[in-house]
Amino acid sequence: MFSFCTDPATLDRLPWFACYLTTGVHMSFYVAFLKVVALLVVTAPVALGFGFLGAMAARAHFAPLSLVGKTYIAIVRGVPDIAFFLFFVIALDQGFEWVRHKVLCPDWDQPIRQGNDFVVCAQAKLPLGNAAQWVHETYGFALAVITFSIVFGAFAANVLFGAMRAVPHAQLETAAAYGMSHGQVFRRVVVPQMWVYALPGLSNLWMVLIKATPLLFLLGIEDIVYWARELGGARMGRFSSYPHPDWRMWYFLVLLVFYLCFTRVSEILLERMTQRLSHGQATAGGDAQRDAGLA
Amino acid sequence: MSACLQTIQDYALRSIGIGERLLPREGFTLCEQVTLIGSGMIWNVYFGVLSLIAGFFLATGLAVAKNAQSRWLHKPAEWFIFLFRGSPLFIQFFFAYFLFLSLKGVHPFFAPFTAAWLGALVVLFLNTAAYSAEIFHGALRSVPRGDIEAADAYGLSGWTRFRRITWPTTLRLAWPAYTNEAIFLFHATTLVFFSGFPAWQQRGDALYYASYFADKTFNPFVPYPILAGFFILFTLIIITLFGLVNTRLNRHLPQQTRQRLRLRINLIR
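Those protein sequences? They're chains A and B, same order as listed.
Per the numbering used here, the very first residue in the first sequence carries number 5; after that it's consecutive.
Per the numbering used here, the very first residue in the second sequence carries number 6; after that it's consecutive.
Everything labelled a hint here was simulated from the structure, so no lab data went into it.
Treat the numbers as computed from the prediction; the structure is a model and nothing was measured.
You can take every hint at face value.
Output of the computed footprint for chain B on chain A, the stretches with three or more beta carbons under 8 Å from beta carbons of chain B:
1) 90-102
2) 208-218
3) 258-268
Just so it is clear, CB atoms sit at the ideal spot from N, CA and C, and this is done for glycine as well.
Working from the sequences, and respecting the hints, build out all of it.
What follows is the structure in structure tokens.
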């Protein structure tokens with residue numbers, strides 16, 4: 005990358021070190037950091053949406069719907085989330101292929117599950133067998149995003165369900181007394197008011213989400229963990245122009261520091277947001293601000 | 006039925022190296038899957054119980070240190086807690102494994118640390134100590150001032166006051182959150198064999214066997230629900246045991262003011 009990397013005279017000087025970190029493969033490593041950020045940026049709103057739907061379902065007066073919502077929330081309790089990650093990636097993949105198979109090849113008469121194989125017709129394969137490499141990678145990433153959203157949606161549903169119930173009941177009764185319908189009370193009172201109660205839980209969830217991103221590796225994505233293992237491994241002079249001993253420990257140290265910085269910055273930002281949202285609220289945080297004369 | 010008994014005999018202790026050496030290769034029966042995944046739970050329980058017990062003591066020390074006046078005590082405790090709570094456990098496992106691997110080259114003393122039974126246990130122990138210390142620290146700060154003043158009035162001070170007044174109240178306040186921590190630690194034990202630590206002779210934990218079956222049969226709908234069943238069962242056991250302790254911690258309080266165990270399970274690392 006740098007011009008001095010071609011000059012053997014710099015070998016014993018410190019800048020030579022930079023040559024290790026600017027090889028072509030390392031660019032994939034740096035792109036993998038963007039993948040982590042992309043995952044967070046996409047997953048957070050989608051999971052919040054799932055959570056909102058889940059919480060609304062759990063609140064519903066219609067019993068079967070409420071049962072569905074509560075089951076969705078409860079199912080993530082008691083089972084390690086990593087099991088869900090491993091499960092959903094295969095299950096979703098097979099689910100999509102099964103649906104496409106039913107639609108695209110209606111006259112296929114063999115069973116789909118043949119012993120230890122899952123067989124669908126060639127047109128139903130996802131992505132198609134002749135698709136480009138990037139399609140495969142994008143499909144894998146999309147599956148990962150959906151999986152993360154489903155699991156974290158359940159966590160978010162749990163938080164939002166609690167937050168909706170925490171909105172002071174008197175406010176809801178007042179709104180009803182003004183003649184608002186059920187939906188109006190929900191839209192105009194519950195939803196705007198619940199965020200301050202949901203924020204501690206949601207910020208906790210954001211931290212947990214950040215710390216769950218390395219699990220992408222288990223979903224078969226070439227993420228930072230994958231590249232840290234690849235690039236850190238010992239390289240022989242015969243196979244590489246930049247031989248080095250086993251550096252995986254240092255690569256993972258870099259990842260550790262990356263995550264520490266990430267969580268620390270998030271913590272500070274979320275703290276500020278809590279301050280902003282507590283402003284004028286009938287909560288302990290809001291009272292503290294009033295006492296301090298900020299309001 | 007007798008075939009299943011035979012399977013249980015062969016594989017029930019497979020994860021710790023007793024019984025049949027070879028894993029089933031094809032024609033997986035439901036019985037084999039349940040037995041092997043259950044056998045893997047031995048490791049989950051091993052990691053969970055030992056690191057929780059050891060972590061409890063370190064966490065108490067860390068919480069007291071973080072609460073101390075002296076900079077030299079509370080700064081290191083804060084940093085330790087931040088280091089382990091601020092980074093993913095998965096990365097901690099990887100880093101620790103490769104750290105032990107390079108230390109092994111320096112001195113053979115570190116050789117056992119590269120195996121999961123010790124290396125992963127150390128990481129889990131430090132990790133749960135950090136999370137529990139934060140919980141205990143919060144509880145320590147919310148011990149009612151009146152309790153401390155009453156202890157002072159009775160002439161209790163220093164170690165006696167801590168042991169007889171502060172610490173029991175801290176535990177009582179922290180217990181619901183600590184129950185959650187125990188559950189999460191238990192769930193986190195499933196990460197061990199996916200994070201660098203090798204499963205020697207295919208002796209892995211429950212998730213290791215579940216994913217083995219899912220890979221071989223390409224059917225996730227059998228092994229993962231079995232795994233989920235086992236974990237829900239063990240989570241219920243944890244809740245029951247911790248509930249018993251909670252009752253004991255609260256036994257001196259009038260019935261209404263007793264703190265119910267409220268489980269808010271929305272954390273993983």
